[in-house]
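Chains B and C: place on chain A using the hints.
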Amino acid sequence: MKYLKSIIAVVIFLPMLQAGQAVAAENSAHGGDIIYTKPLQSVTFSHKSHVEETGLSCDLCHAGLFEMQALKIQGKSNFTMAALAKGEYCGACHNGTMAFASTTRCASCHSGVKGGRLAQNHE
Amino acid sequence: MKPTNIDLAALANEGVENVAMKDRRHFLKMGLAITGVFAGGTLFSAVSVANKVFASPAEFADKYPYKPHYSMIIHQDRCIDCERCVAACAETNHVPHEGYRTRILQRDVPDAIGQKREFIPVLCNQCNLPQCTRVCPTKATYKNTSNGIVMMDTSKCIGCLTCQEACPYNARYFNEERQAVDKCNFCFDTRLAKGEKLTACANACPANCRVFGDLSDPTSEAYRTVHQIERAVWVLRPEAGTKPNIFYTKG
Amino acid sequence: MSDEVKAAVLSLVGSDGLVWERLKSGSKGYYLLLMVTGILVAAAAVAGVQAMVVGHEHFYNTTREVPWGILISTYVFFVVTSTGLCLVSSIGHVFGNENFMPIAKRSVFLSIATILSGFFIIAFEIKIPWRMAIYNVISPNLTSNIWWMGTLYGVYLMFMLAEYGFLLLDKHRYAVICGFSGAVAGIAAHSNLGAVFGLLMGREFWHGPYMPIYFIASAMMTGTSVIILFHFLAYKVNKEEMGPPMKHALAITAKLGVLLICTILFFTIWKMVSGIAGQPAGKYEAVMALVKGPFAINFWLFEIGMGMVFPLILFAGSKGKNLSMMFLGAASMIIGIFVMRYDLVVVGQAVPVLHELGVNEYKHLLSYSPSLYEGIITIGGFAMTAFLFLIGEKLFAGHKMSQH
Numbered sequence: 001m002k003y004l005k006s007i008i009a010v011v012i013f014l015p016m017l018q019a020g021q022a023v024a025a026e027n028s029a030h031g032g033d034i035i036y037t038k039p040l041q042s043v044t045f046s047h048k049s050h051v052e053e054t055g056l057s058c059d060l061c062h063a064g065l066f067e068m069q070a071l072k073i074q075g076k077s078n079f080t081m082a083a084l085a086k087g088e089y090c091g092a093c094h095n096g097t098m099a100f101a102s103t104t105r106c107a108s109c110h111s112g113v114k115g116g117r118l119a120q121n122h123e
Numbered sequence: 001m002k003p004t005n006i007d008l009a010a011l012a013n014e015g016v017e018n019v020a021m022k023d024r025r026h027f028l029k030m031g032l033a034i035t036g037v038f039a040g041g042t043l044f045s046a047v048s049v050a051n052k053v054f055a056s057p058a059e060f061a062d063k064y065p066y067k068p069h070y071s072m073i074i075h076q077d078r079c080i081d082c083e084r085c086v087a088a089c090a091e092t093n094h095v096p097h098e099g100y101r102t103r104i105l106q107r108d109v110p111d112a113i114g115q116k117r118e119f120i121p122v123l124c125n126q127c128n129l130p131q132c133t134r135v136c137p138t139k140a141t142y143k144n145t146s147n148g149i150v151m152m153d154t155s156k157c158i159g160c161l162t163c164q165e166a167c168p169y170n171a172r173y174f175n176e177e178r179q180a181v182d183k184c185n186f187c188f189d190t191r192l193a194k195g196e197k198l199t200a201c202a203n204a205c206p207a208n209c210r211v212f213g214d215l216s217d218p219t220s221e222a223y224r225t226v227h228q229i230e231r232a233v234w235v236l237r238p239e240a241g242t243k244p245n246i247f248y249t250k251g
Numbered sequence: 001m002s003d004e005v006k007a008a009v010l011s012l013v014g015s016d017g018l019v020w021e022r023l024k025s026g027s028k029g030y031y032l033l034l035m036v037t038g039i040l041v042a043a044a045a046v047a048g049v050q051a052m053v054v055g056h057e058h059f060y061n062t063t064r065e066v067p068w069g070i071l072i073s074t075y076v077f078f079v080v081t082s083t084g085l086c087l088v089s090s091i092g093h094v095f096g097n098e099n100f101m102p103i104a105k106r107s108v109f110l111s112i113a114t115i116l117s118g119f120f121i122i123a124f125e126i127k128i129p130w131r132m133a134i135y136n137v138i139s140p141n142l143t144s145n146i147w148w149m150g151t152l153y154g155v156y157l158m159f160m161l162a163e164y165g166f167l168l169l170d171k172h173r174y175a176v177i178c179g180f181s182g183a184v185a186g187i188a189a190h191s192n193l194g195a196v197f198g199l200l201m202g203r204e205f206w207h208g209p210y211m212p213i214y215f216i217a218s219a220m221m222t223g224t225s226v227i228i229l230f231h232f233l234a235y236k237v238n239k240e241e242m243g244p245p246m247k248h249a250l251a252i253t254a255k256l257g258v259l260l261i262c263t264i265l266f267f268t269i270w271k272m273v274s275g276i277a278g279q280p281a282g283k284y285e286a287v288m289a290l291v292k293g294p295f296a297i298n299f300w301l302f303e304i305g306m307g308m309v310f311p312l313i314l315f316a317g318s319k320g321k322n323l324s325m326m327f328l329g330a331a332s333m334i335i336g337i338f339v340m341r342y343d344l345v346v347v348g349q350a351v352p353v354l355h356e357l358g359v360n361e362y363k364h365l366l367s368y369s370p371s372l373y374e375g376i377i378t379i380g381g382f383a384m385t386a387f388l389f390l391i392g393e394k395l396f397a398g399h400k401m402s403q404h
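Chains as they are written, first to last, in this note's numbering: chain A, 1 to 123; chain B, 1 to 251; chain C, 1 to 404.
Isolated chain A, as found in the complex:
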């Protein structure tokens, strides 16, 4: 029990004391989850899982692949599964080698209409 408490304390207070500011800045730097609605509802892209959890650097995506503006990319007419399969957009990494292929695990990226609505309600 004691052990657990100290872990909780560390988890909560450490980031607050030192790294806290940096993390918060980064968080606001890349914004929250992005939910695509075109061509269909709803695909969720999470900076949190790509940057914090997987540890990818900004340049991997923001040096040509994506701009730093949410939903800009869905204006393109070929933002589709076919393009992803050819290695464009998310497919640059989601090709089965760097990350799971975009032809698999459909419901990982596709959070669904209900999922999208839920996320929007949280904001």
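None of these hints come from the bench; they were simulated from the model. Some clues are possibly wrong.
[What the hints assert, rightly or not] To be clear about the criterion: a stretch of chain C counts as covered by chain B if any three or more of its residues have a C-beta under 8 Å from a C-beta of chain B, and this derived list gives those stretches: (1) 137-145; (2) 349-359.
[Claimed, not checked] Chain B is nowhere near these chain A residues, computed Cβ spacing over 10 Å in every case: (3) Lys48; (4) Glu52; (5) His62; (6) Leu84.
Fair warning: this is a prediction, and the values are worked out from it, not measured in the lab. The beta carbon of each residue, even a glycine, is placed where N, CA and C say it ideally should be.
Same frame as chain A, now just chains B and C:
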């Protein structure tokens, strides 16, 4: 134990391709009967169930001689909950917003490895042994004898809602506008009867998740998907004994 | 119409005929009760008609997942009561057990009153009742338990009306024939009502041969309590003392009640045990909802306590002599049984049919609670029984059995 006089070595080699044509047709028919007893979620081994069914042959096609025998195969892992099917259904069949004929359910498994959620489309199972038609006091809901679709004759519906109680799939609802229970009929009146080949939902699906087809036609995709031993095919609530015509599979 | 008949009719319903004479003999309290129950019935009728015209979904709390609510359970309650009255009373005047003779006439009348109350309620529950009147006849589905139940209860009502008529006219032989046919129709109808629930393969809590059997047994149990309750009240309304045969009849009825309570307790125990042992999917969740879930108070306090244990103690403790104790036991039992019917209907639907899929939508028990309108109509049903009972006491002069 008395030794049996069956040549085990020969049996082991007997693949489907070695079975005489007539036997094979029989065998495949059995395959369909098998899929009727797969548990939702938990699958029996297809082969062992096949043996069971052989012991007490049930002539599926003779018992349910629909032509065409409409059916839908749902490739569950392809569903992305875009809900185009739900919208298309509502528009085509004038489903009021408080009801639905088809719906996407969501299962979250937070501690799964890899994908952590899945979507499960549900609709009327157009059962071969429907409970709803059995309990309807006025035959307002009935099984179409030529194509197996479970239909509604709205003018006879008294609104006792026993069919809603009887349905193990929650596929029925009371439509206040029509003053009758309403349900999926594979778009029979709105599309199939007008010569369309697909239901609105199957037509709208961008992921080819819903494969609509004819089980009485051995060349159809639906038939070929269901009649494979090596593919896991299951139905919802097999224990309710309704022998559904909506099959689920992955891949 | 011949003058003779005219005179006979006039002597009954004319301005100073027998009927008016009898109706005018009530006390102030009697008229007050008559008025209150009459108003309640009227209120229920208005509420029901409004729901029917404007649309049930605006007034009832039933949903797609829980299509049957308190109106169905109240209907079940009333037809259970009616069948029970018919069966218990038939022991006497149909099957010739003298002990039960004195209660026969009033019980037959009450079984008519309760089935009418049941029909009154179901008319507001069924969404399009007039279609039923047409298509039950021209498009019958013989595999449907609902169809059989409805039809057989129609037949049952006819027999019960005829039986009561013959009892009034002292045509005992015909009354026995009608009583017997009524009892047969009642058992058939009532077991079909059990089968409406019991044959639904997709509803584990209901499914099985248990329901039809249970329905008949619990009808008899309900019958005993209603007989005791209303006979006690009747003698209060008529301000009369019970004679020894009537007292004896009620004592025997209470004894029968004890036996039937034990039977239903036995049924209930095994129903619960079979739902818990091995945790059968679907059934287990429902049974646990009763044992320690949202229906625990309903189950332990009302069903077990008020419905069975308390009446058992009072009936047994009264030794058939203490009428007040018997009355209290009967009243408590009726409340308990009402809740029993409610739980039977609602708990049977509480586990979502697709629960086993493990999807977010169907993870939890479904809930239902009656709306105001459903409440008004339910009360109206009880008021109708009370109203008919009150009228009946005066109109038929305390349902006295003529001596042979």
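| message | So, against the hints stated earlier in the document, which numbers end up violated here? | response | none
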